[in-house]
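Residue numbers (our numbering), protein chains in the order written: chain A, 1 to 429; chain B, 430 to 950; chain C, 951 to 1347.
If you are wondering where the hints come from, they were derived from the structure by calculation, not from laboratory data. Predicted model, so just to flag it, every value in this text is computed and none were measured. Take the hints with a grain of salt, since some may be wrong.
Said to hold, decoys possible - Computed from the model, here is a short list of chain C residues facing chain A with C-beta under 10 Å: (1) Val994; (2) Ala995; (3) Asp996; (4) Met1131; (5) Tyr1133; (6) Ala1140; (7) Tyr1141; (8) Gln1301; (9) Val1309; (10) Leu1316.
Positions of the beta carbon are idealized from the N, C-alpha and C atoms, including for glycine.
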Amino acid sequence: MSASISAPAEVITHVHLESPDARRARLATGWLIIVVGVVLFALSFSAGATATFALSDAFDTVQLPSIALPAGPVVVITALLCLAAGAGLVSGRLSRTWRRVANTVAGLSVVLGFLSWAASSSTLPFPVSNQLAGTVALATPLILGSLAGVVGERSGVVNVAIEGQFLNAAFSAAVVGSVTHSIPAALFAGVLAAVLTGMLLALFAIKYLVDQVVLGVVINLLSSGLTGFLFDQLVQPNSSTLNSSPIMTAIPLGPLADIPLLGPVLFDQTILVYLAVISVAVVWFLLFKTRWGLRVRAVGEHPKAADTVGISVTAVRWQAVLVGAIFAGLGGAFFTVGSTGTFVKDITVGNGFIALAALIMGRWHPVYAALMGLFFGFVTQMASQLQTLSTPVPSQFLLLLPYVATIIAVAGLIGRTRAPAADGQPYVK
Amino acid sequence: MPDQDTRGLQLRGITKKFGSFVANDAVDLDIRPGEIHCLLGENGAGKSTLMNVLYGLLQPDGGAIVVGGVEQHFANPRQAMAAGIGMVHQHFMLVEVFTVAENLILGREDGPVVDLRAARTKVDELSQRYNLPVDPDAVIEDLPVGVQQRVEILKALANDAEYLIFDEPTAVLTPQETDDLMAVMKKLRDDGKAIVFITHKLREVREIADRITVLRRGRIVGSAEPGTPENKLAELMVGRAVDLQITKPPAEVGDVRLRVEGLSVADPNGTVVVDDLDFEVRAGEILCVAGVQGNGQSELADALLGNNADVIAGAISLDGVDITHARPRETIAAGVGFVPEDRQHDGFIGSFTVAENLVLNRYRDRPFANGIALNLEAIAENATELVEQYDIRTESIQKLAGQLSGGNAQKLVLARELSRELALLVASQPTRGVDVGAIEFLHKRIVEERDTGAAVLIFSTELEEVEALADRVLVMYRGRSVGVVAPDTPREVLGLMMAGVPHDEAISGSSGSAGAEGERS
Amino acid sequence: MSTAERTAGRSAFAEYVSRHWRDWAITVAAFVLAMLIGAILMVVADPQVSANFAYLFTAPQLALGGAWAKVSSAYGALVVGAVGSPQALALTSSKAAPLICAGLGVGLAFRAGLFNIGAQGQAIWGALTAAYIGFTFELPYGLHLVLAVLGGMAAGAVWGGIVGWLKAKTGAHEVIVTIMMNYIASGMLAYLLTTAAFRRPGREDPISPEVHPTAALPSIFGQFHFGFILALAAAAGVWWLLERSTTGFSIRAVGANPNAASTAGMSVAATTTITMTCAGALAGLAGIQFALGPSANGAPVPLTLGLVGTVGFDAITVALLGRSRPVGIVLAGLLFGGLDAGGLAMQSVAQTPLTLTMVLQAVVVLFVAAPALVATILPFLKGRKLKPAAALTGGQA
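Excised from the complex, chain A in its bound form (with noise of 0.2 Å):
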């Protein structure tokens, strides 16, 4: 009946070179890894004889021999084989792959040529059991935070308040389980102040809309103040009643946790570090297979087209930081009652900032944000570890490196970073 419409040929013809930026990337990358094989090749010179690694710590079961390397030597093939991977980048000539592996084989390279080289110049082995379960001790909040990041952002509102929700969080768990010697309600607690801090956010970046990173910091000193100031006032005079929390123990599960080396570490952990590793699935799951998220994702993306169909963007925004904030607060209660479970003041001491840190570098993906605040948790770890080997670096510099670290991502080393295309923006009709 009516005239058939055929559809236009959109062969498109534009020529397609590698943009400005990731090529950029690709260089500073390749030229920063040459750089570290130079300096870990200089380092080899000063390293020992050998450089021990203890698998297992005396208390262990099952006693698992020290591994001990030849240092110099593998120091050095560690150092060539970062100026491979970072000529191969430099070069241009490797595929997307080819890439990937070299940059994976220059990040193991450095940390194993770092530690043999650090670890040789010490008589004690470096203690690689309590490396992990150190990481997994310093990762878990850092996890945790940066999911309540990553749902906030994603839905287009910035939260640089993980920081200010990890302390009220911390307080309230704190005081609650003092008051109640309960770990549920000291949860619960840490929850609840998380989401108020939440609240907070929600009404004025979306309400009010409050420029959202000036909001974050104004927050973050709020809820300083506040807890400091509730600290000095009442909890620090009574702290026998308030600020004497019980603390999580380890759950293992059964056999799993009688696993040589990463059995204790993977499996016999307080409840705290599971929920972490269930809540990055959990938040996987709702990002990207359900309706929420699709919302959530669209509304952070491009708000008007959500509200042309009919989704209430400021309802869906509401949501994901309040959601996010629920991770905050458990993230924020391991601070006391998943440590020594006492509250100090500024206890949190910048874990927020880190994790928001490790949720750009993860490029707003909650997988590899998780992976980044383990990355982080790492160095953390293997800095205080190398401060009792008494190892020939200040151990205030490998203190900053996950600082380091985060400039040289967001200097552009990681390609191109994309944020939701409505991060921040708050939305007017």
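Following the hints, put chains B and C in place on chain A, whose structure we already have.
Just chains B and C now, with coordinates in the frame of chain A:
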């Protein structure tokens, strides 16, 4: 007045105010199944406001919406959609990083867990039923504009819309894509849908409308039969007899001032968007670059100014001096005047005063600065002078530029650029969103600048403007020059060239098939 | 010419008043509301006082009287400690001086559209360098001070400039970079205080030798010292830079609309780097105030880990409250400086912790950031148009 027919959709006395500004003043509109109803009006006449009211995006201050005989109040688009209203937005409401299928089910998911397989099936089903082929798994940002629009149409259809609003749908399309769209609209009409087609392009109206309603300054000023001549429609739309052709003296062409050789420019993603382009502009002539939006014009303009352009090959020279890799500060000093395409975004600073904006690219020069210190007096004097000379309507030179109307803001930009001696004026869409009175004024100033011996380069997507201003026309398609032709080249030929058909073929092609269009322009 | 000038001046003033009177009203209202919230907090956090509220309906005088006594004694001590005596005023000025300097550093960056959370790190470098020059070298009066001040400002400028340069070159977001640079600065300070160059001979804890008197900021009256004059001069300088210089023109243009600025021939990259360098120098000057300003005993406090406190974060509230304008920042700095000084008195006299002032600061800024909220609570402040917080950071359209 409204008939008793319960089918169809009626707007009765819709009034919408923004503060003291009345965007819609007691508007009545009657939309019937099986009809294409054209809503015609200038920029700012209130067409989009009216449709946003109908779609539930805005709430009216007065009047009623009656759908199928039942009065409705739409608090949000969801309720409008439930009543069978669908909208194809001018700026597509598609999430760029989502696939077609994800965009289609957004807002109407069946259960708490997304079923993408069902969504794909639905896309395939719809695209077959309406003959709108599209890959359900394609990511929107990878699709050409015409296909994105298809997705936008499918989205409306997926909701079983009976009333479809097309808001300026042809602005971003090539003539070919426009023809395809027209065919789609006709088929939908024949299927019994009611269609509202919003446009300010008269030829499209004549081709497709079953009924025409003209809106001016928020009021209905009349309706017209489909066969009404274009000049009659234009008169209704503008409110007086219009003669868009300005009489300009013939060009007195001098030496070559701007020379572009083998120029290629890449966009930030590394895509080559200006591809091996050669042309030159002489003193005292206006070269118009015609083409559909997004065919490399913006990037070419940016390359001429030296602003954020990644020139990967070729050379640009001005009066014999190479400016290929010069930065804006250097090209401005070399005598390039620049009127950007998006004046809000690039042309002026809304939170700066009129006076400050008038020296935005000269604040470092004498007499506006002595060394590092600004000379506020000289800046104010300059502003007072230019405001008068260019008839910029503002209470005070200390008012913020963001408070100016579109036409006055454009006058401000042009005043700033033309108030110094130019070797080359580059102006993109110089009259977009400007009322008719100001258009004439701006065109006159541009021609005057030509007559001082400057080379003038105009980028325009409006053929009317090209015809009014050009001494020569360069047609651009996908970053390449399709050819340089005289301004009196028939529109059909220009249209085909804008779709990439070379000049010779375009001439034979248009004389063979475009009979229906005739010589009406 | 002169009449034209005068009318131009008058109309500019009229413009200012019509644009800004509500800002002032909102600020005052925000402060009052914050004090109210602070009062509630004090009552709730004091078990003895809040216990009386059980008798609110049976014996209201007990509950309300107790609350009134608590709040009035605390706020009374606060006011007296801030402005109640010449010594109090001197203390306020010495607390305000670094806040003003760092606030200018944050505010200047805001005007260029940059959020400088890094004033903390920049101030640390300023303090560290000034103190090092102050306790290491033996130089005559005058020269020593000038060198220490310039050295501190230069160190802050470098620390801020790195951020601007990274942003200009790579697009690295300044918020993330400055947060990280803060941690790196405090880490470096911690490390340096363990080295021979910085650690006081004979001490194991991280504390530096005392700054020589030749490098100390001279006292005018007690703790009212030359540093305050420096802060006012810095504010005047920033005002001139922003409002009367070509550099300031480009800073404001880039902040308000970087695209239009770039189209008009300004270099966004250069402006970003220059702005962050200047901002760093100003925050460095704040650090200098801590390192070289006389303490209660007349001599500067030696360098320790916490010498600069949280000045970088307080500076953000100062800049926000002062709406990134130099005059506003001076007033906001004085206000928060007064809160700090009075807070000390409140702590010792009324046993109300100093941390309350932090809460007050944050709440004031929250209210100021959301004028619509204040207008909801106090309807007489409703204006025709309620601008969102963009106005706070200085003129982004």
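Name the hints, by number, that the structure is in violation of. Checked against the structure, no hint fails, so every one of them is satisfied.
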